[in-house]
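Colleague: Since chain A is already given, all that's left is putting chains B, C, D, E and F on it; use the hints.
Residue numbers (this note's numbering), protein chains in the order written: chain A, -12 to 228; chain B, -12 to 228; chain C, -12 to 228; chain D, -12 to 228; chain E, -12 to 228; chain F, -12 to 228.
Hint data in this document are derived by calculation from the structure and do not stem from the laboratory.
Treat the hints loosely; a few may be bogus.
Identical copies go unnamed one by one, so any copy, or any two together, can satisfy a pair.
[Claimed, not checked] Restricting the straight-line Cα-Cα distance to at most 25 Å, the calculated cross-link-like pairs of lysine-lysine (PhoX-like) are:
1) K60 <-> K209
2) K38 <-> K209
3) K209 <-> K68
4) K38 <-> K60
5) K38 <-> K(-7)
6) K68 <-> K(-7)
Okay, here's what each chain looks like letter by letter:
Number of protein chains: 6
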Amino acid sequence: MSNSSKTALVISAHSADFVWRAGGAIALYASRGYAVSVVCLSFGERGESAKLWRQAGMTLDQVKTARRDEAEKAAEILGAKLRCFDLGDYPLRVPDETIMELADLYREIAPEFVLTHSLDDPYNFDHSLASRVAQEARIIAQAHGHRPELTPVLGAPPIFLFEPHQPEQCHWHPNTLLDISPVWDKKRAAFETMAAQEHLWEYYTRVALQRGVQASRNSNLKIRYAEGYQRLFPQVTEELA
Amino acid sequence: MSNSSKTALVISAHSADFVWRAGGAIALYASRGYAVSVVCLSFGERGESAKLWRQAGMTLDQVKTARRDEAEKAAEILGAKLRCFDLGDYPLRVPDETIMELADLYREIAPEFVLTHSLDDPYNFDHSLASRVAQEARIIAQAHGHRPELTPVLGAPPIFLFEPHQPEQCHWHPNTLLDISPVWDKKRAAFETMAAQEHLWEYYTRVALQRGVQASRNSNLKIRYAEGYQRLFPQVTEELA
Amino acid sequence: MSNSSKTALVISAHSADFVWRAGGAIALYASRGYAVSVVCLSFGERGESAKLWRQAGMTLDQVKTARRDEAEKAAEILGAKLRCFDLGDYPLRVPDETIMELADLYREIAPEFVLTHSLDDPYNFDHSLASRVAQEARIIAQAHGHRPELTPVLGAPPIFLFEPHQPEQCHWHPNTLLDISPVWDKKRAAFETMAAQEHLWEYYTRVALQRGVQASRNSNLKIRYAEGYQRLFPQVTEELA
Amino acid sequence: MSNSSKTALVISAHSADFVWRAGGAIALYASRGYAVSVVCLSFGERGESAKLWRQAGMTLDQVKTARRDEAEKAAEILGAKLRCFDLGDYPLRVPDETIMELADLYREIAPEFVLTHSLDDPYNFDHSLASRVAQEARIIAQAHGHRPELTPVLGAPPIFLFEPHQPEQCHWHPNTLLDISPVWDKKRAAFETMAAQEHLWEYYTRVALQRGVQASRNSNLKIRYAEGYQRLFPQVTEELA
Amino acid sequence: MSNSSKTALVISAHSADFVWRAGGAIALYASRGYAVSVVCLSFGERGESAKLWRQAGMTLDQVKTARRDEAEKAAEILGAKLRCFDLGDYPLRVPDETIMELADLYREIAPEFVLTHSLDDPYNFDHSLASRVAQEARIIAQAHGHRPELTPVLGAPPIFLFEPHQPEQCHWHPNTLLDISPVWDKKRAAFETMAAQEHLWEYYTRVALQRGVQASRNSNLKIRYAEGYQRLFPQVTEELA
Amino acid sequence: MSNSSKTALVISAHSADFVWRAGGAIALYASRGYAVSVVCLSFGERGESAKLWRQAGMTLDQVKTARRDEAEKAAEILGAKLRCFDLGDYPLRVPDETIMELADLYREIAPEFVLTHSLDDPYNFDHSLASRVAQEARIIAQAHGHRPELTPVLGAPPIFLFEPHQPEQCHWHPNTLLDISPVWDKKRAAFETMAAQEHLWEYYTRVALQRGVQASRNSNLKIRYAEGYQRLFPQVTEELA
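Only chain A is shown next, with the shape it has when bound in the complex:
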């Protein structure tokens, strides 16, 4: 199978999560020809748009529009296709219909891998819910009796949990460090579409640099920028590398 028919799936709670936490992986795989789909269950309109809300007369619709615009620009820079579900945030609630829709999406695109949030995040329950939903939709898509007409049934794509804002508080352990140096410029450019969260640009630049140093320490390579991931299931492999 050529890369041009391969896909990857990112499932996130708010419209900017994919940029800070997985922008490098997205850009990297897009550059390799993968079709990368990014699902944003909400726009982060209530809980992650403080700067917009500080403007007088701001409305929920205006915030959502602004966040969607930013997310679309970021997705374009990274090379991904954005799918916004507009379920609301703080709190996010995910109806079973959405889980079924996501199961269908899994069946439809048959991703090579899945990226989503950490299992826990005591600062942000939307994040752990999105992670749970990403997992449950995958399980349903694996069931032979779930919409048997929608074939083929999903295999077992690996899930990687991307980095939360305060890793040690989220019981998140990076066991995978992905070199994103070749696409760092795109990730940084995507940051800069996020006018509502300018305070995070430098924070996540530093995250990428720290993970880069750590990637170098754990290999014999010189890596400048990296993203940390927690692989959720065992890696099935022919190589111990």
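Modeller: Structure of chains B, C, D, E and F alone, referenced to chain A:
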């Protein structure tokens, strides 16, 4: 670098551990041209040779000789080079000189990866000590000021912890499942050199089959025999696979 | 109280779980005169009947009928009474009415012990939900103000979590090994009613053998077949054995 | 800001939890001039009123009235304001409307700190749900886009998890020991309003004494009575003390 | 085998540990006819005799004599045989010779069960060392090649970890609650031989009462005094009770 | 007691650890009048001086001298007193005599708090050994019978574990975030004395910035630079803040 100049290092407590726990990986990499060195810190002469001790008039030297012979035959079948340290078992004690010797070995062969015991084993303290020693020797070999004349300094070869006898009691979590089907026959043949531990042949055959089923479940592949490993450090990678 | 008035309760997600995971305990206690009730919250019709779904023209009702038939045969072999709730699977959803119904069942039969799924199972969210429901119904049945007319109030029957498919991935730790050798033949015969899941017959035979070896290692007994359980609450005892 | 304008918030599942688990902290801060609000999501009418239910002819309303009376007396003794939500117990269910109401309460009183249940309690799922709700309402109250007219937005008050009935079974780790000796008499007096749970008076007196001994051991002070808490988020501080 | 030929083994760091932590189990099994051996690796002369050291002119020998006398009186009350190793405390250091001596003791008495300290104790490294030594000596005694003339080889007696002073700080989880009500008077009487640690009499009386309440909660029994233990290895059983 | 008679103690493995990991706390407390003692068990001459070893003809003595000079300059900038033990590194080995010497130091200076390494560090066993030694010396200094002539006996100063190089791999959880903004300039200046490890200047500047953002998130304060610590024992307190 061609495979023929690549190496791997296995550090184990007793003379048969490498067979049950890592025989597949050893045979696999030997078949790819790697020079695989197996260190046995003891012969398991006291604690893992019950069948021999049930023979009347048995002596420690006879047991050691018998276990060494078996281990050499097994190593030959798997394609590895055996290095016996004869430090005694139950309890194993490892002097600093041995740790230094192992650090030199790391420098000398510069392994692509290292296999050793789980961090804990409440049934067998020799195992966790061997694991600790394997790690500490690696750390020393990475120090620029340790025997600076012995170059090059060691990089950061990954360590994989092989499967203990009762995994859940040892806090061992397999995050890596290696397909060993192509070399299963060699692993099984190596089992059969271990006359002193015939009761384990079927046990570890079943382990390989169970890990094989699990490897299939965690991938889209059909895998019949597998070995489980716990990767100790983050994987540095260019691929999320 | 004679055994003939004693009971046990098994609460599982799908119609075959009780066979693979607890068939030995069920047959053992049935052979001792206990009335063992097995609750199947669903038939596993969507997610655990792949073989049936591969037949052309298969319908959900046909699958459910087939799985119910198999489960009834297996229950009969083991000596248990089957109670099917038909709530659907992949995903299982359990309404509060069912939890109340289960609380009533706890009150009615006053089980000596309860068997259910592990707390976590990243491969199967139906399993962890069934475990949660089994626990919550028990807690409600202990409340003096819950249906006070339905007496007596439930005491504190121990809960044992049976073995998931991939133990180390489910944070399941077996702290109890039950010798099932005397009833192994029944457990194996029950396996063979599960035509839809023939691939699991050998898998769970090997599980029983491995747990048997481990049971022998942790005792002075020779045990051929065993089942592993994780006791959830502290054991209250007069014996340190 | 003088203490007289400072507040604290306690969110608990049943009407007596705040007495046993946090009565000392409440009395201490009330004595310092804080306005302490205690939320009881239910009266514990079904699950924690066994003694009342043993009276012939008892009704749910009578139990609720009795538990409310006791809780009000206890709150008065401790110096707190009681807010009863009457959501029912065993099982407690919390609708999103209540979470929003709690978020408003957070905004309104802007507590200096929050006290709630442990994250887990396998004996009592109402407890862990109350803890989850306390956390989620806090997160929502921090969102700039949640009811932006209700200002100011909540900051980051620390959450402390109070002691469950069987600490080691609840994965609760006390990392904070609060000296409650100055207000012990009030806490004990509040116990004695709880006629329905007289068996707990001595139990929680002993808890206070044990935590007192431990507080002395972990400091250079002589402390007679203490309460244990698990701080949920990192402490931000200018002092290492 | 009649009880009169059965034995139990307690391995502790200091001369009073067996009283506070395991006095109930010791008295219980002594009352059942077991020969219970208590090993004290030191007298706790430096670290657990503060009251004695506050007397003017006190010497190490005087403290050791006083602690030995107390321990002997306590052992007599409980019905155990005391074996003092006098290795020194704070810090305790255990030479391999002592481990071998303990392995011989295991072989000689073939205990039905073993009691020792928790795996961790950040307040007292002597405790965790004693626990480690108890485990390692047991492993050595199980080795067929260790002093093969000393038969029979040790089987697999269960190890139970007794309660440390601050359980939650020691990662100690009680999974076994032993009813010691029948022998409580003896345990309390043994406390009162410990003149050097009078402050602990009430502390450990309260511990026994708390564990008693918890034992009642986890069963359908009324238990007044209990001891908590953490079973280290899986329980091999024919009963789920 | 005025600050001028108060002290703090830092126990580290190598000569630069105190700068990267605890330089802020040291400078902060020095600025408040505390006498801060920094113990370096080795110079990090073998394992943490790669840049020096890359110079031709370098000797161990030259490296040690260079590292000592740097450490002295850094200590002077921060305001601490340096105590170098010169025990060797990679591997560090600590004889009991040194532990006793450290116990005496605890007695002599009676620190208000202690800073040391994380409990685990799979990249650097010297670190975890230094942490263990710091703890054991403290325990010995608390024993009334240890050198009773050296009074007063140590109380219970809290221990804080400073940040390791790769926090998530070391099971280190920051539960304390110390605002070091007022002394950041000194910490950065101390970095710059470490010519041998210039690559770490920016790394640890980013660490301080990240912890600063996190400190702001966990409080209502604006904090630019922070250090993370893991408090080892429960905090005994009169305030829930």
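Colleague: Go through the copies and call it for K38 and K60: within, between, both or neither, with a Cα cutoff of 25 Å.
Modeller: The answer is within: 19 Å in one copy meets 25 Å, while 44 Å across copies does not.
Colleague: Treating 25 Å as the Cα threshold, decide for K60 and K209: within, between, both or neither.
Modeller: neither (31 Å within a copy, 31 Å between copies)
Colleague: How would you classify K38 and K209 at a CA-CA limit of 25 Å: within, between, both, or neither?
Modeller: between (37 Å within a copy, 16 Å between copies)
Colleague: Please work out whether the CA atoms of K209 and K68 approach to 25 Å or closer within one copy, between two copies, in both situations, or in neither?
Modeller: Intra 31 Å, inter 32 Å, cutoff 25 Å: neither.
Colleague: Go through the copies and call it for K68 and K(-7): within, between, both or neither, with a Cα cutoff of 25 Å.
Modeller: Close inside one copy (14 Å), not across copies (42 Å); limit 25 Å.
Colleague: At 25 Å max between alpha carbons, let me know whether K38 reaches K(-7) within a copy, between copies, both or neither.
Modeller: neither (38 Å within a copy, 28 Å between copies)
Checked against the numbered hints above, the structure breaks hints 1, 3, 5 and satisfies the rest.
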